[in-house]
Amino acid sequence: GAVVSQHPSRVICKSGTSVKIECRSLDFQATTMFWYRQFPKQSLMLMATSNEGSKATYEQGVEKDKFLINHASLTLSTLTVTSAHPEDSSFYICSARGINTNYGYTFGSGTRLTVV
Amino acid sequence: AQKVTQAQTEISVVEKEDVTLDCVYETRDTTYYLFWYKQPPSGELVFLIRRNSFDEQNEISGRYSWNFQKSTSSFNFTITASQVVDSAVYFCALSEGGSEKLVFGKGTKLTVNP
Numbered sequence: 085g086a087v088v089s090q091h092p093s094r095v096i097c098k099s100g101t102s103v104k105i106e107c108r109s110l111d112f113q114a115t116t117m118f119w120y121r122q123f124p125k126q127s128l129m130l131m132a133t134s135n136e137g138s139k140a141t142y143e144q145g146v147e148k149d150k151f152l153i154n155h156a157s158l159t160l161s162t163l164t165v166t167s168a169h170p171e172d173s174s175f176y177i178c179s180a181r182g183i184n185t186n187y188g189y190t191f192g193s194g195t196r197l198t199v200v
Numbered sequence: 029a030q031k032v033t034q035a036q037t038e039i040s041v042v043e044k045e046d047v048t049l050d051c052v053y054e055t056r057d058t059t060y061y062l063f064w065y066k067q068p069p070s071g072e073l074v075f076l077i078r079r080n081s082f083d084e085q086n087e088i089s090g091r092y093s094w095n096f097q098k099s100t101s102s103f104n105f106t107i108t109a110s111q112v113v114d115s116a117v118y119f120c121a122l123s124e125g126g127s128e129k130l131v132f133g134k135g136t137k138l139t140v141n142p
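So the sequence lines, in the order shown, correspond to chains B and G. Read in order, the letters of the first sequence correspond to residues 85 to 200 in the working numbering. Read in order, the letters of the second sequence correspond to residues 29 to 142 in the working numbering.
These are computed hints drawn from the structure, not numbers from a lab. Among these hints, one or two may not hold up.
[To be verified] Pairs of lysine-lysine residues, derived as DSS-like cross-links and limited to a Cα-Cα distance of at most 25 Å, are as follows: (1) LYS125(B) - LYS134(G); (2) LYS137(G) - LYS104(B); (3) LYS98(G) - LYS150(B); (4) LYS129(G) - LYS150(B); (5) LYS137(G) - LYS148(B); (6) LYS66(G) - LYS134(G); (7) LYS139(B) - LYS150(B); (8) LYS31(G) - LYS98(G); (9) LYS129(G) - LYS125(B); (10) LYS139(B) - LYS98(B); (11) LYS137(G) - LYS139(B); (12) LYS129(G) - LYS139(B); (13) LYS44(G) - LYS129(G); (14) LYS98(G) - LYS125(B).
[Claimed, not checked] On the chain B side, residues computed to face chain G include the following (Cβ under 8 Å): (15) THR116; (16) SER127; (17) SER174; (18) ILE177.
Everything numeric in this text was worked out from a predicted model, so none of it was measured. Positions of the beta carbon are idealized from the N, C-alpha and C atoms, including for glycine.
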């Protein structure tokens, strides 16, 4: 079945530094990738949608200069949290859709980011 | 705009009890897809089911069953003879036919006690 690999699973960084999270579709071409953020005991909130080779579309209230999304190939999308602050600490999870997954959504295992 | 409401924040049952998780959705599209996901404490999302708006047949998979009723805009999920391993947060989600966005409800935390 369709598999999405997300790395790292956990990361701790210092305030002011940048962190990159990778999301790879292992056995299908992801025409669209999604990035979600989930605060403790809350739901998943869509941050942005990206299509391969084009700029990401950000949801209202999400700072695109702070959360840089790159979808350079059909199997890889990255989310970079720039100049991270403690309030950026959260669980980030990616999702991918592709033609040969019947356009179902396949989720990565998530990245728990802690900014200290 | 699409919206998903899971009114039950937390449910606690004793093992072997049946439990139903409610999901009510809002959409203006006639074509849409409904999903249920399970999120155990480890955090990953486990896909349970996808149902399109043109298929109102109820679905049963082992101890899991789903009741889709367009008349009440509901897509409820029932676990029969619950087990401790069913303890997790369950999310209902909706995507509209003309959009790729998947919108989640707030989730229901299910605790099954031995």
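So, going through the hints one by one against the coordinates:
Under the criterion of a C-alpha separation no larger than 25 Å, the hint pairing LYS125(B) with LYS134(G) is consistent with the structure, at around 9 Å. Using a Cα cut-off of 25 Å, the hinted pair LYS137(G) and LYS104(B) is violated, with the two alpha carbons roughly 30 Å apart. This hinted pair does not check out: LYS98(G) and LYS150(B) have alpha carbons roughly 41 Å apart, beyond 25 Å. Between LYS129(G) and LYS150(B), the direct Cα distance comes to roughly 21 Å. Compliance with the 25 Å bound is thereby established for this hinted pair.
Note on LYS137(G) and LYS148(B): the hinted pairing is violated, with a Cα-Cα distance of about 32 Å set against a maximum of 25 Å. With a C-alpha separation of about 12 Å, the suggested pairing of LYS66(G) with LYS134(G) holds against the 25 Å cut-off. Of the supplied pair hints, the one linking LYS139(B) and LYS150(B) holds, its CA atoms being roughly 15 Å apart against a limit of 25 Å. At roughly 15 Å between alpha-carbon atoms, LYS31(G) and LYS98(G) fall within 25 Å of each other, so this suggested pair holds.
Only pairs whose Cα atoms come within 25 Å are accepted, and LYS129(G) paired with LYS125(B) is accepted, the gap being roughly 22 Å. Between LYS139(B) and LYS98(B) the CA atoms are separated by roughly 28 Å; this puts the pair beyond 25 Å, and the hint is violated. A threshold of 25 Å between alpha carbons decides the hint, and for LYS137(G) with LYS139(B) the separation of about 36 Å lies outside it, so the pair is violated. Distance hint between LYS129(G) and LYS139(B) is fulfilled; the C-alpha atoms sit about 16 Å from each other, no more than 25 Å.
At roughly 36 Å between alpha-carbon atoms, LYS44(G) and LYS129(G) are farther apart than 25 Å, so this suggested pair is violated. Restraint check for LYS98(G) and LYS125(B): the C-alpha separation of about 29 Å exceeds 25 Å, so the hint is violated. Because the smallest distance between the Cβ of THR116(B) and any Cβ of chain G comes to about 5 Å, under 8 Å, the interface hint for this residue holds. Hint status for SER127(B) relative to chain G: holds, with the closest Cβ pair at about 5 Å, below 8 Å.
Proximity of SER174(B) to chain G is violated relative to the hint, the smallest CB-CB distance being about 11 Å (cut-off 8 Å). At a threshold of 8 Å, the smallest CB-CB gap from ILE177(B) to chain G is about 7 Å, leaving the interface hint in force.
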